[in-house]
Amino acid sequence: MNESQEPALRVTDLRTYFPVRSKGLFPKTVGQVKAVDGVSFSVQPGQTLGLVGESGCGKSTTGRSVLRLIERTSGRIEFDGLDVTEMSSREMVPIRRKAAMIFQDPYNALNPRHTVGAIIGAPFAVQGVKPPGGVRKAVQELMERVGLNPEHYNRYPAEFSGGQRQRIGIARAVALKPKFIVCDEPVSALDVSIQAQVINLLRDLQDDFGIAYLFIAHDLAVVRQIAHHVAVMYLGQVMELATREDLYSRPLHPYTHALLSAIPIPDPRAQRQREHIMLSGDLPSPAAPPSGCVFHTRCFQAQDICAVEKPEIIEFEPGHKVACHFPIVEFLGTAPITGLDPGLTKQTGAAGEDRGSNDLIREIGTDYGAAPNTPIDPGPAIWR
Amino acid sequence: MAGKANSQRAFLEVSDLSVQFPTEDGIVRAVDGVSFAIERGKTLAIVGESGSGKSVTAQAVMGLINKRNADVSGEVFFDGEDLVAMPEEGLRKLRGNKMAMIFQDPMSSLHPFYRIGDQLTEAVNAHEKVSKASARDRAIEMLHKVGIPAPAKRFDDYPHQFSGGMRQRVMIAMALINSPSLLIADEPTTALDVTVQAQIIELISQLQREFDTAVILITHDLGIVADVADEVAVMYGARVVESGSVDDIFYHPQMPYTLGLLASIPRLNQVPGDRLDPIPGNPPSPLRLPTGCVFNPRCVYQDRVTGDVCQTQRPALEDVGAGHQVRCHLPATERQAVADLTLNLLGRPSR
Numbered sequence: 001m002n003e004s005q006e007p008a009l010r011v012t013d014l015r016t017y018f019p020v021r022s023k024g025l026f027p028k029t030v031g032q033v034k035a036v037d038g039v040s041f042s043v044q045p046g047q048t049l050g051l052v053g054e055s056g057c058g059k060s061t062t063g064r065s066v067l068r069l070i071e072r073t074s075g076r077i078e079f080d081g082l083d084v085t086e087m088s089s090r091e092m093v094p095i096r097r098k099a100a101m102i103f104q105d106p107y108n109a110l111n112p113r114h115t116v117g118a119i120i121g122a123p124f125a126v127q128g129v130k131p132p133g134g135v136r137k138a139v140q141e142l143m144e145r146v147g148l149n150p151e152h153y154n155r156y157p158a159e160f161s162g163g164q165r166q167r168i169g170i171a172r173a174v175a176l177k178p179k180f181i182v183c184d185e186p187v188s189a190l191d192v193s194i195q196a197q198v199i200n201l202l203r204d205l206q207d208d209f210g211i212a213y214l215f216i217a218h219d220l221a222v223v224r225q226i227a228h229h230v231a232v233m234y235l236g237q238v239m240e241l242a243t244r245e246d247l248y249s250r251p252l253h254p255y256t257h258a259l260l261s262a263i264p265i266p267d268p269r270a271q272r273q274r275e276h277i278m279l280s281g282d283l284p285s286p287a288a289p290p291s292g293c294v295f296h297t298r299c300f301q302a303q304d305i306c307a308v309e310k311p312e313i314i315e316f317e318p319g320h321k322v323a324c325h326f327p328i329v330e331f332l333g334t335a336p337i338t339g340l341d342p343g344l345t346k347q348t349g350a351a352g353e354d355r356g357s358n359d360l361i362r363e364i365g366t367d368y369g370a371a372p373n374t375p376i377d378p379g380p381a382i383w384r
Numbered sequence: 001m002a003g004k005a006n007s008q009r010a011f012l013e014v015s016d017l018s019v020q021f022p023t024e025d026g027i028v029r030a031v032d033g034v035s036f037a038i039e040r041g042k043t044l045a046i047v048g049e050s051g052s053g054k055s056v057t058a059q060a061v062m063g064l065i066n067k068r069n070a071d072v073s074g075e076v077f078f079d080g081e082d083l084v085a086m087p088e089e090g091l092r093k094l095r096g097n098k099m100a101m102i103f104q105d106p107m108s109s110l111h112p113f114y115r116i117g118d119q120l121t122e123a124v125n126a127h128e129k130v131s132k133a134s135a136r137d138r139a140i141e142m143l144h145k146v147g148i149p150a151p152a153k154r155f156d157d158y159p160h161q162f163s164g165g166m167r168q169r170v171m172i173a174m175a176l177i178n179s180p181s182l183l184i185a186d187e188p189t190t191a192l193d194v195t196v197q198a199q200i201i202e203l204i205s206q207l208q209r210e211f212d213t214a215v216i217l218i219t220h221d222l223g224i225v226a227d228v229a230d231e232v233a234v235m236y237g238a239r240v241v242e243s244g245s246v247d248d249i250f251y252h253p254q255m256p257y258t259l260g261l262l263a264s265i266p267r268l269n270q271v272p273g274d275r276l277d278p279i280p281g282n283p284p285s286p287l288r289l290p291t292g293c294v295f296n297p298r299c300v301y302q303d304r305v306t307g308d309v310c311q312t313q314r315p316a317l318e319d320v321g322a323g324h325q326v327r328c329h330l331p332a333t334e335r336q337a338v339a340d341l342t343l344n345l346l347g348r349p350s351r
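Note that the protein sequences, when read in sequence, are chains A and B. Under this note's numbering, the letters of the first sequence match residues 1 to 384, in that order. Under this note's numbering, the letters of the second sequence match residues 1 to 351, in that order.
Because the hints were derived from the structure by calculation, they are not lab data. All C-beta atoms in this analysis are idealised placements derived from N, C-alpha and C, irrespective of residue type, glycine included. Check before you lean on any hint, since a few could be wrong.
[As the list claims (entries may be wrong)] Okay, the calculated bits of chain A under chain B, using three or more residues with CB under 8 Å as the criterion:
id : segment
1  : 154-166
2  : 187-195
3  : 256-268
4  : 271-278
[As the list claims (entries may be wrong)] Not everything, but these chain B residues come out facing chain A in the computed CB check (under 10 Å):
id : residue
5  : Ile27
6  : Gly51
7  : Ala198
8  : Ile201
9  : Glu202
10 : Leu222
11 : Val225
12 : Pro266
13 : Gly273
14 : Asp274
15 : Asn282
16 : Ser285
Chain A with its partners taken away, still in its complex shape (with noise of 0.2 Å):
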């Protein structure tokens, strides 16, 4: 990564909350919901961050509030080096031309009356941008490009499969040739082959554009193969933020172990010999998030000190950022989801405060913080 570089990208200590209502005539303010408090990150030109994390986590609040698409609390979003944060809407135009965004749903992101020359087209006009040749044929060029066929011009959306409507949604957002777009969960509306064109797609046009992405993602699969950085959001927070080869080999959060583990491998004889680490309980609501560090009350690392101070994301090792008190170090070299010895691993029915003594439910991996120095054995290193 060249640091001397001003990031596509940078975000200082984003805060979205909010407000909650009470119900009547004159409703009042009774409350918060702290969907993305106190996020920093950068993403550098050509780069992607992958942010990943639960439904309900923020990452997609975060992905709109850089954008402008919904008002942050407080916090500095920087493009280019160019503070963006306290602009008016009419001095955001010009900016929106670089800053574009790349939606989940392609049934939804899309106006059904509208063709789809005039879908992508969209944008031209919009900005008043005049390119060389005309509209029809850059439109034609850029359909070319996403591999759409451009004699479709003049079609509309329901004519076009999943993985067609997102490749219309892809030719938009990158109409303008921008330096920066925000990819909201771009793949997890489409099928299993079609992931994967769509995913080398956007590889493709970052190559060629120098485009830098925000890759929004709830799969941590689909993030190894694209993100250059990864940030784990759990409530609102980041983490742990590490590059792809951190994050995925030596993993610091209990958090992110926990996300690894929970990933089925598609290899059954893989899959069988892993051990599970099996969080408990659901996501608690963000509008009451617990007290301390917000993951403790589904932590298998946690203690006393959890559930009071909320512990700093600090810089753990260069270029690795975890907010823990207890970050899993003894794994150091091996992945986590690589097998836990099975003599470290243990059943603890009774961990997990908002569930019954529930003995369905086997629950793993609660031992092994409190014996730092026992050997373990690595297993096949899967993710690495």
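Knowing the structure of chain A, use the given hints to seat chain B on it.
Frame of chain A, contents of chain B only:
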């Protein structure tokens, strides 16, 4: 197949099942000659992309296809009885009792106006004469089994008071309350987060062991298939294109579509950031299924077949090993060669 003694039949045996919907635009062949079998305590995964016919297959097995809107043909023998020929009254006695289904979307599968407890006891009362108190006890016990905290208290809650994962647990409790011997789970975790997905998959497996249930798991996620399936049927364009044991499908796949699926998912031995290998093209519309082999417009290996049989002749499901069947025109040697290409790519050379 007809006239076969029940003792020779598998617990659930589906043969030559077809479902067609006549529409204004023409006949939609949603399921076209699908056959599979499953024994108690085993899990069959039906894998395929959207529109491949996997969900309609499941609905046809459950007798949920309205025969006024669709033509259902073939046989579905469940514990010795043919469900296709069975009148609605008989099916209703089986559904929710000996066979049950979990749907993809826990948000819309529970009635929002009724309490969880009432919806659960309704499932008990529909099939058995039991007292109100004992139905309640059974519902609470089941909620406890699926991991709902304080089940006696939650019994009187409404669906909106539960999170997505908890609602899916309630759905599972409802499906399993009469200890069914066949459970069909249609994308049971697609709407859930990965950490909750892991809990739900584990829960289904444990309940399956406890009740010795046959499970049909419909999914597009090959990771989940690798995790829980014993047998796998790969569907494409309304047909089963390959079926076999989970090891057959993952370590000895033969059909080019299966190979393409395995190659297109992010791989474990892949250098992070390496390009993926997608299947070219798009899945076919069920209104206009290609002639010949349904996969031929997207198949990269059809030049290895002489003549135009791929375009003109429908390949038969052919035995290639014990319980392993493939629908493909490639000659056996070529099939092995293309399989080896993919397996090398996956870093799993065949034995």
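Quiz item: Looking back at the numbered hints, which does the structure fail to meet, lowest number first?
Solution: As far as the earlier hints go, only 5 is violated by this structure.
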